[in-house]
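Peer 1: Protein chains in written order, with the numbering used here: chain D, 1 to 430; chain B, 1 to 236.
Note that these hints are calculated values from the structure, not bench results. On a predicted model such as this, the values are computed, not experimentally measured, just so you know. Cβ coordinates follow ideal geometry from the N, Cα and C atoms, glycine included. Misleading hints may appear alongside valid ones.
Going by beta-carbon spacing under 10 Å, a handful of chain B positions derived as facing chain D [to be verified]: (1) Gly42; (2) Thr46; (3) Asn83; (4) Arg84; (5) His94; (6) Lys99; (7) Leu102; (8) Glu103; (9) Arg155; (10) Ala156.
Straight-line C-alpha distance at most 30 Å; calculated DSS-like pairs for lysine-lysine [unchecked claim]: (11) Lys11/D / Lys113/B; (12) Lys175/D / Lys72/B; (13) Lys214/D / Lys392/D; (14) Lys175/D / Lys99/B; (15) Lys72/B / Lys420/D; (16) Lys11/D / Lys99/B; (17) Lys113/B / Lys417/D; (18) Lys420/D / Lys113/B.
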Amino acid sequence: MLGAIFRDALKNLSSNMLRSGLTMLGVIIGVASVIAMMAIVEGGQVWLVSSIEKLGTNLLFVWKKRLTIDERRMFAGRNLQLRYDDALAIRDRFPDLKVAPVIDIDGQIKAGERDYSGRITGTSPEYSDIRNSYPASGRFIGTTDIQTWNRSVVLGKTIAEVLFGTQSPIGKEVKIFLGARKKSKKSDGPNGEKKEQETVGEYRFTVIGVMEPKGEAYGQDRDEMIFIPVTTAQRFFKGNDKIGSMIIHVPDRNQMEEVTHKLHQFLIQRHDGVDDIRVRNQGEFLGAIDQTIATFRFVLGGIATVALLVGGIGIMNIMLVTVTERTREIGLRKAIGARRQDILLQFLIESTTISVIGGCFGIILGIFAAHGFGDLVAQSMPGGGDWGAVIKPSAIVVAFVFAVAVGIGFGLFPAIKASKLDPAEALRYQ
Amino acid sequence: MLISLRHINKIYTTGEVAVHALDDLNIEIEQGEFVAIIGQSGSGKTTLLDIVGCLSQPTSGEYWLHESHINKLSDSELTAIRNRQIGFIFQTFHLLPRKTALENVQLPLMYAKATHTQQQDRAQELLTRVGLQDRMQHHSNQLSGGQQQRVAIARALANRPALLLADEPTGNLDSQSGNEILTIFDELHGQGQTIVMITHDPLIAQRANRRITLLDGRVLADESTKSPTQPILQEI
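So that you can see chain D by itself, here it is in the shape it has in the complex (with noise of 0.2 Å):
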């Protein structure tokens, strides 16, 4: 019998193929919009993920804390601040530890007619294993040019092209100032060092190696990076010992937390007991974006949800048409031995059948939005080349499952009605 009701829904519908196929496409909207936007999201956090793994892996970051007014008062005398100190001190203390100081200064570059503004990376040779980027021709910042303060720099391959062209750069001479941007980032020293950053002049560098393209990571374009020996960034443009974050790579994944919380204790007794820094891993930054995926899957999610249950009131309503222009077939069907139930079953198979059907193109129209709204995003945003639709196939399932829920849900009502038709009154509906 089951065989024979499900014949009959296909038949109905196929008999109004403008109306049903009107009502499956707020299904299949629904459905595809649920799909498009969970392979969005998905996507969008493997990208996240996969950028922030290519800042390198098993990395700690130490940057200082803003102490508030009362704090620095209170705290006046102490050994307060990120030094270069600090990171030889974790060096000698954490040998196992690979350490690099950064200091980011905005300045200027000049060759010959050619300059580019942005942002100069003071650091020790250590960053170059760290952040796993390594120099294609030349080499990086060396020991002996942090011993004696050499003015050298590295540059990343897209300033490499802007810079010199073709040309390779190796070996010539750049001038480098500061103040393209004045506005310096954090400037808490005292008022007079502020002074002495905007009165340096110009200094000429020499060109000594130049980085592997690396393409962009997490928003910053790793190709713009200019290096120079943290001592001589300190020598020349800060004019104090003071460095402003540090990336320390910890050998085992396993020991992060611990580790974290070694350093962190380590540099509190370096600073005379003051809680003035910050100490994160990447873990906790992934962490970070978890919630934000979960709150963009939230908002999408809840969106698309809307979108399928809208298709589901279409549903409803043509539902409720069709059981009003079938009551006479209802009063008959009754007449002649169909129970409530049957009735019931009828109307609710015929509603499910539009979900059903309607769910499965659903996913193939999903399937496809999602790569083309994937292939758009790539496109327009700045740094989204790898971010693609991850369409996983238990999003297909659940947009599905929810479709059939859906489609028995908003059937539910109409079949009922169908089923609690008077059959006298009901074989003689005009």
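Place chain B on chain D using the hints.
Peer 2: Quick look at chain B alone, frame taken from chain D:
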């Protein structure tokens, strides 16, 4: 006794007005009778058909069909009675569109949970019996009115009902087709089938061997003509 209606009342209330459609009606019908219920519109014919057909319950009174006390039955039990014991024939045929003659006849068998083969065999047998052996795969809109009503008769007979209940079966047919239908009724009656036929046409009512005339929900007249063949056949 196949049908026993005792003190049947049916009152419809629409808003403030109560309509007394059946008023203390008493009718008994024996197995094998061919009864015509005659009356003008508003006389209570249709209400009587609904009650006898187990499509609705009387407001008061007792209705016995065979051994079943119909008033006491639940909705699903009534459905089972309609499916097994009663065959309906309507003025407007009530065939399902988009279904073939064969599928229409199979319908009551499907609800009686017969197997697919049983359904087909029985439906083919019945359609052959009403002379539609070469029209089985036709859809109802490809059949003439007379043919459609013959499909409806085949459908009504599907589960070998005790009672054939016909509501103006010739009302939508030309006189020749109507005559063919009545001839089938005669044959069925000859084979012992109980038939209750509602009509407003006295001429058609003449084909029955008993005529009950209704007026304002009461029995006005109840007359039997001993048709020459029928009682003898029945006795045998």
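Peer 1: Would the hint linking Lys175/D and Lys99/B be met if the CA-CA limit is 30 Å?
Peer 2: 90 Å, violated
Peer 1: Quick check on the hint: Asn83/B CB to chain D CB, less than 10 Å?
Peer 2: 3 Å, holds
Peer 1: For the hint on Leu102/B, does the least C-beta distance to chain D fall short of 10 Å?
Peer 2: 12 Å, violated
Peer 1: Is Lys11/D close enough to Lys113/B, meaning Cα to Cα at most 30 Å?
Peer 2: The given pair, whose Cα atoms are some 21 Å apart, holds under the 30 Å limit.
Peer 1: Verify the interface restraint on His94/B: the C-beta must sit less than 10 Å from at least one C-beta of chain D.
Peer 2: 5 Å, holds
Peer 1: Take the shortest C-beta to C-beta distance between Ala156/B and chain D; is it under 10 Å?
Peer 2: 8 Å, holds
Peer 1: Does the alpha-carbon distance linking Lys214/D and Lys392/D stay inside the 30 Å limit?
Peer 2: Since the Cα atoms of Lys214/D and Lys392/D sit roughly 29 Å apart, the hinted pair holds (cutoff 30 Å).
Peer 1: Taking only the CA atoms, is the gap from Lys420/D to Lys113/B under or equal to 30 Å?
Peer 2: This hinted pair holds, its Cα atoms lying about 22 Å apart.
Peer 1: What's the verdict on Lys113/B and Lys417/D, does the C-alpha distance respect the 30 Å limit or exceed it?
Peer 2: Measuring from Cα to Cα gives roughly 24 Å; hence the hint holds.
Peer 1: With a cut-off of 30 Å on the C-alpha distance, tell me whether Lys175/D and Lys72/B pass.
Peer 2: Since the Cα atoms of Lys175/D and Lys72/B sit roughly 106 Å apart, the hinted pair is violated (cutoff 30 Å).
Peer 1: Classify the hint on Lys99/B as holds or violated, based on whether any CB of chain D lies nearer than 10 Å to its CB.
Peer 2: Constraint on Lys99/B satisfied, holds at 8 Å.
Peer 1: Keeping to a limit of 30 Å between CA atoms, is the pair of Lys11/D and Lys99/B held or broken?
Peer 2: 9 Å, holds
Of the numbered hints listed earlier, those contradicted by the structure are 1, 7, 12 and 14.
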